[in-house]
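Visitor: Produce the complete structure using the sequences and hints provided.
So the protein sequences, as listed, match chains Z and V.
Counting from 30, one number per residue, gives the positions in the first sequence under the working numbering.
Counting from 30, one number per residue, gives the positions in the second sequence under the working numbering.
Errors might be hidden in some of the hints.
Because identical chains cannot be distinguished in the list, a pair is counted as satisfied if it fits within a single copy or across any two copies.
In silico DSS-like links for lysine-lysine, alpha-carbon gap of 30 Å or less [stated by the list, open to error]:
1) Lys146 - Lys85
2) Lys87 - Lys97
3) Lys87 - Lys75
What the hints contain is simulated information worked out from the structure, not anything from laboratory work.
Number of protein chains: 2
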Amino acid sequence: MQKIISRATLGRLPLYLSYLKSIDSEYISSSAIAQDLDLGDVLVRKDLNSVCGQGKPKIGFQTKNLVKALSKALEVGKTTPAIVVGAGKLGMALLDYSGFKDYGLDIIAAFDSDESKFAELNGQKPVYSMENLNRFCRIHDVKLGIITVPDRSAQSVCDALVACGIDAIWNFSSIILSAPDRVTISNENLALSLAHLHISQNH
Amino acid sequence: MQKIISRATLGRLPLYLSYLKSIDSEYISSSAIAQDLDLGDVLVRKDLNSVCGQGKPKIGFQTKNLVKALSKALEVGKTTPAIVVGAGKLGMALLDYSGFKDYGLDIIAAFDSDESKFAELNGQKPVYSMENLNRFCRIHDVKLGIITVPDRSAQSVCDALVACGIDAIWNFSSIILSAPDRVTISNENLALSLAHLHISQNH
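Guide: Shown next, in the form of structure tokens:
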């Protein structure tokens, strides 16, 4: 039973997991969780349903099974490597950001075409030249790539990532990228997010 | 007639505007725009409807009126100031990012509690101390604030922004902020975005 977990549900899973680890009852119902976390009954039931199926009527879920299912969904203990192409300010900010670890993700290196940015310093994540991209992705089995280059280079970087076997791309450029169907692309338009916040406030 | 414009619609407005500026017919129909931009008929009609009402049957929109309405919705020619609190890598990347200009937004300064980050250099946007926040926001009539501080400081920064008269906050921390109802908060959880791309690909 593998369902697609919505973005909103995924965002609440770490909350459920830390809550479940803090209690010591053998069974727990979704309504008890909802009450303790101050969330809606239906919401919690749907969230848990999408990772662990239905609980037993009147009893609920076995706590340890729920912990196991949540850990699996969040890939706790497993680390998925990702890389970022474009070692500008945004790329370096992402490379440096520690929050990805909560979801078992680790941006392990950055790549850039600008020689002045190459660096392999102790205790810091490395920045390599684009020539190393293919070999690095194959060796580390990297399937997730992030594009933070200027718009004019975004499509060629996308092509390079696809050629390296990447199958999911997080695109921070404002270009609509074209890639084979097997590749999932998620567009992150920061300017649009701020603009939408602005107009929402003004209406 | 002021409607809320959806995020997706807002994202397409710059495209319509640059297209309309490139043609020289007096009237244009939404289906002609759809065809030229390779977008769906219904989609374009709904988009234009939300900024300019309905076109005339069989004739469509007067091009110059449509340009005017789109420019107004995108606030072309007007610049709305915003500030960022937290001059770490992410905050500085946002301060430096030029893409906000397409939507008439300008992040004009950053604020931080760490003295070593204060700087007012020629040709660069300034980083000020938190003590200057209130005066700066009042003088420049800043209503948009961005939070890029660590989670532990996010709520106190939120409180400070609210006290400065900010009414829209873009929150990059993973904390759920509490603020008065008049303040619109938009949460940007980068780790969650990447995690959701990852699980979407794996299912």
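Visitor: All the hints need checking, so say for each whether the structure fits it.
Guide: Outcome of the hint check:
| no. | hint | in the structure |
| --- | --- | --- |
| 1 | Lys146 - Lys85 | neither (56 Å within a copy, 56 Å between copies) |
| 2 | Lys87 - Lys97 | within (21 Å within a copy, 61 Å between copies) |
| 3 | Lys87 - Lys75 | within (16 Å within a copy, 47 Å between copies) |
Going through the hint list in order, the structure does not satisfy hint 1, though it satisfies all others.
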